[in-house]
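Residue-level listing of the chains:
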Amino acid sequence: MAARRAPPANCPAAQSLNLELMQEFLFYFFAILTLVFGLLVVASPSRRNPAASVFFLVLTLVCLAGLFVLLHAFFLAAVQIIVYAGAVMVLFLFVIMFLNVQQESHRPRTGTRMALSVLIAGAIVALLSRALGAASASPAFPQPAVEGGTGPLGTVLFTEYVLPFEVISVLILVAIIGVVCLGKKELK
Amino acid sequence: MTTLNPMTPDVQFALYSALKIVIAMAVLLSMVAYTVLAERRIAAWIQDRVGPNRVGPWGLLQPLADAVKALLKENLVPAHVRKVSYWLAPMLVMIPSLLALTIIPFGSTLGLQKMVIADLNVGVLFTFGVAAMTVYGLVLAGYAANSKYPFLGGLRSGAQMISYEVAMALSIVPVFMLVGNPEFSGWIADRANAWHPLLANTSPLNLNRVVAYQAGGFFHWMLFQQPLAFILFLVAAFAETNRLPFDLPEAEQELAGGYNTEYSSIKFALFFMGEYANMIVASGLIVTLFLGGWTLPWFGLNHPAATFAVGLVHIAVFLIKVVAVVVLFIWVRWMWPRFRYDQLMDLAWQRFVPLALVNIMITAVVLWAQ
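Sequences listed follow chains A and B, in order. In terms of the working numbering, the first sequence opens at residue 1 and continues consecutively. In terms of the working numbering, the second sequence opens at residue 1001 and continues consecutively.
Chain B extracted, bound-state conformation (with noise of 0.2 Å):
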């Protein structure tokens, strides 16, 4: 830093927001390219066939094909679409998966930079702020449409993604109470030394401390001491990402395909790749909140890094875990069939809703008596 010239602290943030920007949705988009690619080979084992393996060696090319393929075919409009809407949509798709990686911490620190683009103190409610847009995409796609099967498919979306919030946003109330308890605040004290780089100033909804909160060995991750809610946030993320046992939205038999039965080429593409962006990042929440994030309570790897190398296990801790978690996604998809929608709904608001409920008023007592 010393030979460099001397930067003010704004254009030093400024700098390495873009650089952290840059290299997270680098990293984001070529595992969007694999995690398609990972599902065709998992999907090809569990059928007992061979799946793409042409393109490269193991078909590890496959993606690049794949891209060349959706970029160059012809772009179809049909003619009675909405075009602004048509043209709107594919992007909506794709912007707040984008958006919700911005406040997941990838790794604990490197250097003196805190591993996650956007430090909030609304933390987590920013997430679901931003999953809340993500309806408007599918709801869009299948009114520019202007036909009646991608109409239904954007209504049902809209439906499914809208009570799944609600149970999601219940489910993981427990969580942040585990996290918010003066006892915890407690444990940071103690540890401060450690973590001040990392935690200073920061509110109980950041989720840096839900992490902090899960590094004090393997069974404070969030998996064990809230299973009910990691259960309940998993399946409402399957929901949430529109994934198969959920996947009503594109019910290919029912609805001839969707929301996005009338989107050809690269416009459909984005569809697709927001699919998987969206896992992605549903996958790096998980690990986040449930998982312990970026720790891993053997090797010393449970505090912010203090060399450059261990910030670098960490973040790779990170992305083994969002993997795990993507082949998870993908596994149940190709394991389950499809929920008919009743039971989607039956599922939400009367299994779900009352669940989170019930789990939010346990942990209040259990606090309350300790």
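Here chain A stands alone, though its shape is the one from the complex (with noise of 0.2 Å):
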């Protein structure tokens, strides 16, 4: 996919080549870490220790951001390391070593348990399938209507999706009332 993105009409041939083919392996490496790392979350070789498959998501994130940056969304590769390998991770961790998350790793393998997870992975492969048979191959990408950059992005989103964006923040907040109605011990 990043390799089919037009490089920049000013570039020599040869450096445009050279960035071609550059951009192509990266996509390969951070695709296969990203699938590797992600199989590491479910699989980890430590015993089904929740605390590593963090840091093998935290790690899967990281891979992502990298395929961000090559589809030039450099604002949301910056945003996803910020929010979700730095923080939103870092409280996963928080809440799995403080509540001492060891239950998950003597939870027998029973049949019907192995069947529902086999019943689910199928259905979604199931969908991913339809949906990429579904996508029509054109060669022609087309070109976004925002460019990775902070300043059209933000832009876009105060001015012709204000209102989701303003939704999504009371979203927010009903959240934290809700933690806070939780977290105290008796409501006044």
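Any given hint might turn out to be false.
[What the hints assert, rightly or not] Have a look at the derived ranges for each label pair, beta carbon to beta carbon:
{"id": "1", "chain 1": "A", "residue 1": "PRO152", "chain 2": "B", "residue 2": "LEU1076", "range": "52 to 60 Å"}
{"id": "2", "chain 1": "B", "residue 1": "ARG1191", "chain 2": "A", "residue 2": "LEU128", "range": "51 to 59 Å"}
{"id": "3", "chain 1": "B", "residue 1": "ASP1048", "chain 2": "A", "residue 2": "ILE177", "range": "53 to 61 Å"}
{"id": "4", "chain 1": "B", "residue 1": "GLY1217", "chain 2": "A", "residue 2": "ALA131", "range": "55 to 63 Å"}
{"id": "5", "chain 1": "B", "residue 1": "ARG1191", "chain 2": "A", "residue 2": "LEU19", "range": "28 to 36 Å"}
{"id": "6", "chain 1": "A", "residue 1": "PRO152", "chain 2": "B", "residue 2": "TRP1368", "range": "16 to 24 Å"}
{"id": "7", "chain 1": "A", "residue 1": "MET114", "chain 2": "B", "residue 2": "SER1147", "range": "30 to 38 Å"}
{"id": "8", "chain 1": "A", "residue 1": "PRO152", "chain 2": "B", "residue 2": "ASP1190", "range": "20 to 28 Å"}
{"id": "9", "chain 1": "A", "residue 1": "PHE92", "chain 2": "B", "residue 2": "ARG1049", "range": "41 to 49 Å"}
{"id": "10", "chain 1": "A", "residue 1": "LYS185", "chain 2": "B", "residue 2": "VAL1173", "range": "32 to 40 Å"}
[Said to hold, decoys possible] Result set (DSS-like, lysine-lysine): computed pairs, CA atoms no more than 30 Å apart in a straight line:
{"id": "11", "chain 1": "B", "residue 1": "LYS1020", "chain 2": "B", "residue 2": "LYS1114"}
{"id": "12", "chain 1": "B", "residue 1": "LYS1083", "chain 2": "B", "residue 2": "LYS1148"}
{"id": "13", "chain 1": "B", "residue 1": "LYS1148", "chain 2": "B", "residue 2": "LYS1069"}
{"id": "14", "chain 1": "B", "residue 1": "LYS1148", "chain 2": "A", "residue 2": "LYS184"}
{"id": "15", "chain 1": "B", "residue 1": "LYS1148", "chain 2": "A", "residue 2": "LYS185"}
{"id": "16", "chain 1": "B", "residue 1": "LYS1083", "chain 2": "B", "residue 2": "LYS1073"}
No lab work stands behind these hints: they were computed from the structure. Here the structure is a predicted model, which means the values were calculated and not measured. Positions of the beta carbon are idealized from the N, C-alpha and C atoms, including for glycine.
From these two lone chains plus the hints, build me the complex, please.
This is how it looks when you write it as structure tokens:
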């Protein structure tokens, strides 16, 4: 996908070829790493230790940020690292460490659970393959309305999509109030 | 250049980038070594002692002795630690500070090369992304130790760094509001000739833009334009680098050392070096954001270098400013007592975050009224 994007018009031919090769290489590099780390999240080698899974999830997210960079979505990549890899995952780690989650590692692999897992995984694969089949393999990659920079993204976010943006902030406010309610021992 | 084989632009780019990386790393690591020495000497002076003065003249070879000692000591791995995490954590502490170094403009230009390793348009966001990764090194160290006190130290560092990251990120928003101001874009357009090599195709988040904003004169420094933001950022930087008065992750008296208790020899030294590298990079960021970066308002040093010599002077100016901030870090450490943990959290969430938000509002209103 990254390799299909046209190089900047002012590049000399030789350089753009190198750039394209480099981008293609980096795309496969990050894509493979994302998949490997993603697999290790659920099949972590250290006896299904939840903390190890969190660290692999961090690595998955960092590799995803690399893919965003290849798509020229620099802002999205930075936010991916700051918010998801940097903040959300630390909170995950906190919860795991504070609650001392060890039950997961002792839970037996029963037949019904395995069957359910296979069923869900199969459903996801079916959905994905359907979506991929439906997508037209047109070589002309449509130019996105917003190119990854912070400025254009902010402009679109605060003009065209200002209502959904504000609605989401209300949603987050609801979540905060919910946490306060749960956190307080007794409400006055 | 003409005598050399003609190189394609990407080969040149790769070569010069590699050169810049090697030199910047070498400078950073030797600064780390001598900051440790400076810390010990300044601490000694403040406490009316002599400090390490035996190795070399004025103790100047002390870092060498320290390095040899750290490398030759027995590398003890306690039996109860989580091995993989135990090996990874010291490296993870070091990496973010080296990464954050890449986007700090440490000079204007030398010849045709910009004196910044990676001239990113997301600029300061990259720094925060990398700073957000620092916490994993410490949390992982605490987790790897698999014993009570290091674990508490790791958790403390996690909570502390997350909290102050929020305050830190909010505190510099007004700075970038000023830099993104249309009036300033006009200022750049007026001086397009001098600044073009540095600022072509940059966004307002690029750190060289911040430096350009501050080049207008002494009182254009963000220190004077945004004093509140400066104070918030400085204090948050102390907390982010785990320096006193916020060094709770390694409060010796309460935690028997902290997240690094179970580490010895070179692994312990890596934590130590990581702390100092973080401190130096944070100083570099403070200098770039608030103290005019590589510019000086006098002697015509406030625009990109036209000659090689001026380029070198710019680098020297930047390094001197960084050293001054590092000395401030050290000075504060030996003058202030440690905060209590609840005070630390109160300060971040109940004082800094609201103050930073108010500062953003005030800046917005002032810019809007203009």
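Hint numbers the structure violates, sorted upward? none
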